[in-house]
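First to last, the protein sequences are chains A and B.
34 is the number that the working numbering gives to position 34 of the first sequence; each next residue is one higher, with no gaps.
212 is the number that the working numbering gives to position 212 of the second sequence; each next residue is one higher, with no gaps.
Incorrect hints may have been included.
[Claimed, not checked] Short, incomplete list of chain A residues facing chain B, as computed with Cβ under 8 Å:
| no. | residue |
| --- | --- |
| 1 | Ile3 |
| 2 | Gly8 |
| 3 | Gly9 |
| 4 | Glu16 |
| 5 | Val20 |
| 6 | Ala27 |
| 7 | Gly28 |
| 8 | Ser31 |
| 9 | Leu35 |
| 10 | Leu38 |
Just so you know, these hints were derived from the structure itself, not from any lab.
Virtual Cβ for every residue (Gly too), placed ideally from N, Cα, C.
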Amino acid sequence: MSIHGLIGGLTMFAIEALIVASLAIVAGVLSMAILALL
Amino acid sequence: MLIRPVADDFRVIAFYLGRIFLVVAGAGLLPLTWAAIAREWHPVGSFLVMIGLFAILGVAGIRFAPSESTLNWSHGMVVVAFTWLIVPVIGAVPLLLSGHFGRPLDALFDAVSGLTTTGLSLLSDVDHLASSLNFWRHLLQFLGGQGIILAALSIFAGTGGITLYFGEARDERILPSVTSTARFIWAVSVVHLLFGVTALGLVGWLVLGFDIDRAVFHGLMTFFAGFDTGGFSPQSTSIGYYHSAIFEGVTSVLMVAGAMSFGLHYSLWRGPRRAVFANLETRTILSTFGFTMVLTLLGLAATGVFASVAGLTRHGFFQILSAHTGTGFSTVSSVELAQWGGLGFGGMALAMALGGMGSSTAGGVKSLRIGLTIKTVVNQIRQVLLPEHAVVGTAYRQSGRKHLTPNLTQSVMTISLLYVALYLLGAGIGLAYGIPLQEALFESVSASANVGLSVGVTDPSMPILLELVYMLQMWAGRLEFVAVFSLLGFLYAWALGK
Chain A
1 MSIHGLIGGL TMFAIEALIV ASLAIVAGVL SMAILALL
Chain B
1 MLIRPVADDF RVIAFYLGRI FLVVAGAGLL PLTWAAIARE WHPVGSFLVM IGLFAILGVA
61 GIRFAPSEST LNWSHGMVVV AFTWLIVPVI GAVPLLLSGH FGRPLDALFD AVSGLTTTGL
121 SLLSDVDHLA SSLNFWRHLL QFLGGQGIIL AALSIFAGTG GITLYFGEAR DERILPSVTS
181 TARFIWAVSV VHLLFGVTAL GLVGWLVLGF DIDRAVFHGL MTFFAGFDTG GFSPQSTSIG
241 YYHSAIFEGV TSVLMVAGAM SFGLHYSLWR GPRRAVFANL ETRTILSTFG FTMVLTLLGL
301 AATGVFASVA GLTRHGFFQI LSAHTGTGFS TVSSVELAQW GGLGFGGMAL AMALGGMGSS
361 TAGGVKSLRI GLTIKTVVNQ IRQVLLPEHA VVGTAYRQSG RKHLTPNLTQ SVMTISLLYV
421 ALYLLGAGIG LAYGIPLQEA LFESVSASAN VGLSVGVTDP SMPILLELVY MLQMWAGRLE
481 FVAVFSLLGF LYAWALGK
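Extracted from the complex, chain B is given alone in its bound form (with noise of 0.2 Å):
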């Protein structure tokens, strides 16, 4: 029997949910200073009413709800799915006052998109947004990537906040305490921030002859875009725009940074740095880029699309490797993206689908998923050669020694499963309205791995349908369906429990 949540549950929940409006409201401050320092007065307007009504809803999620109740798990399940829906409804308030989107919904699209570092994108004429709206397009990539529960855990600690933590599909605690964690990985971000701007800078400055602030501006945004996975590019054309092997070679590493999982990045930072490549994720994740990386470029070669080794291996290199972290840059358009065909084209969707590691800022069924699901397998084949009582291994390295538990297989076959179903509904949507398979099929997977790589489907003359489906497809990607269902079970109580 489902229990109707009672007034303190709610009270709970609106407590912890106004602590995080009032951190974003915080983070608004941002582009609201590089708006006012830029002169683009339009958007101080704008980021004014965003920061005032995170602020709002902030200040009455503590005043009038304070609680000293625990948040439980469910509790928590519900504020981190709640929060994903209501920071990119007001978060899109710049973006929609800013005149660049035909409908509301794009708008709001596009802030979905950008906190789910998803990187598809419905802004029109992107090449003349403001700066500042540019900035915030990329901050709520960063915010995203980093967890808005993250970035509220680091400031301020509660009871509730493993649950939190958990909740914003993270799994792994790399310190003892959440806030410790939380703050390690701000300062993994903070060192690739530091390193990354640097040299996306120095190559803008020097090699593409950008004058400083240009080129800083450029290794900003490209700097969180690529950490964080997202892939938005404050040029139309993305890191094709550069037309620079050293910018995308930068770039290549900063995407690498943001996949790889932040447990990996605490065994590189303070050692056991040979742990990295014991570990099952690290196998797993190469395995399957050098297995999608040979499809790609066996298809790019059989098509003819790139007929020279330095072309090929560039542009397949930089695809392939923006597809498998989940990021979503492109140095080819979207025409020509569609017209790859064949093996390049079903190779770029299985290295989407599959996605990053676990824990990190990438999206899809991730490498940890892929390496349990094959270890189950090669099990099961091992456990009916073998003689009947025979003990078939489950060991194996991810973060020291673990055990493969059946409770475990079945928790990784569950939401690989329910990944598989995201990535055939969008496609079924798709199809629906006529777009042929392959398209239909690539544009759902990218939108459900939060990778933003298209074929052209994501335009602002689709159907809304198929938008809100998108939008969807990646809340729901973005969040590794937990919370989801924590929130759909929590209304589905409230309206018919007991």
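Excised from the complex, chain A in its bound form (with noise of 0.2 Å):
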């Protein structure tokens, strides 16, 4: 695999994290909202 294939490989890898980050964010705003509410 070429350096250029690794770099593009690696940037999947963290896009991908970052889309993990997101989402747990939205979860926890969510738990919060919701156990603020409750």
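Starting from the two chains in their separate frames, assemble the complex, guided by the hints.
In structure tokens form, the structure reads like this:
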């Protein structure tokens, strides 16, 4: 695998990590809101 | 009138099956080597028996049935269906000989569950299973998630490759040839293996205090089961064993990557990256994930299962992500999961039923079908509301701009309905055995959508008929019905055709 390919692969993995982090933040905000409301 | 298959049809099928069995025999060398290095001599013998059986069948298929005939659509589907029936039977041999199963059928159940990336297990005392056998269970999930046929296609190219490729529930060819597509899929997996195992290994070593061997072993097993949305674990308490939010975070990345279509991986890797978020499937899965997460969190908060924001976020998020991606990892036990009840339970079951993206390692109805179903319904409503001659747009984005045709709509609806029927089949059998509706439905959806989360119905003492039904559900769910119906049609034509 070339350096270019490896950088592409790393970018892919990093974007997936960002997606998970964003979803986790949304879950945190939702949990806070739900617990505050109930 | 059905035409009875002739000798040439059987020769072509046997020839391709033979090639695939030889590839699986080659894959069996990995756990054999592992067992030899770890000095686990009993599993060495078991793996030799398994490899021998695959090799004999493989050589028989190739030697006794040399054929130049082209593999047609029907042959390809039958090859796929037979592959997914025979490989678990022989792959179960080392598990059966391990002494960790009460009945031979239980070992087959675990092999089917592994290969279909479901993750339900009847294995007793997994914590003391030989490491090479644990490796084999997880490798089965890796082979099943990637696709056994895909593994074979990466090695041999043939005229019928495209049929085999589509037969294994993949509906997207990323690159011009099937062989190059298969190799790209392996490249994506290798990248995730490198980064995933490194990250998990470092967490195990630096955060959890494991020695390096153990950290790498747990990293590798979690990668196999996470990226291929399988859900097996070397520990009976699944990911809950690690008690680590960082470990759960890295595992979550692998689960999301596994549930993404390889077409989207291609866009993320080589661009254009904006295409990922314009994609109908991405938008659908983000919407359904958000919806099921709200349901689950509301249910858990209402029943007071988790009273703190941290607990609700961490456990609620991980469980719903595991359910929606079809992985089946958990941080709570099946006993606790069974106590969730109400909306929390419903949200989880719905997430499992919907599943991941098409052409991914995940199961379920798949978000592309959900997105297209919603689009069809919206179009129908618009058609009614708009003036008679108004044109309703049918375009959507999925690896480029495409159109929703009547044929596509029919296919989407048919497969979606078949999934619903499959979910109800297992639930009905479970109910007949006196299992409460909620639990019977949850477990049935988990098996059919190849998830693997359990509320305790899957147990070594479960009725044999229910065990057989779950195996059928895992098999049909993984192959998305087409290859299954082709096999049934082929057998029917063989018996009653003219």
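Structure-based check of all given hints:
| no. | hint | verdict |
| --- | --- | --- |
| 1 | Ile3 | 13 Å, violated |
| 2 | Gly8 | 5 Å, holds |
| 3 | Gly9 | 4 Å, holds |
| 4 | Glu16 | 5 Å, holds |
| 5 | Val20 | 5 Å, holds |
| 6 | Ala27 | 4 Å, holds |
| 7 | Gly28 | 5 Å, holds |
| 8 | Ser31 | 4 Å, holds |
| 9 | Leu35 | 6 Å, holds |
| 10 | Leu38 | 5 Å, holds |
Violation of the numbered hints given earlier is confined to hint 1; every other hint is satisfied by the structure.
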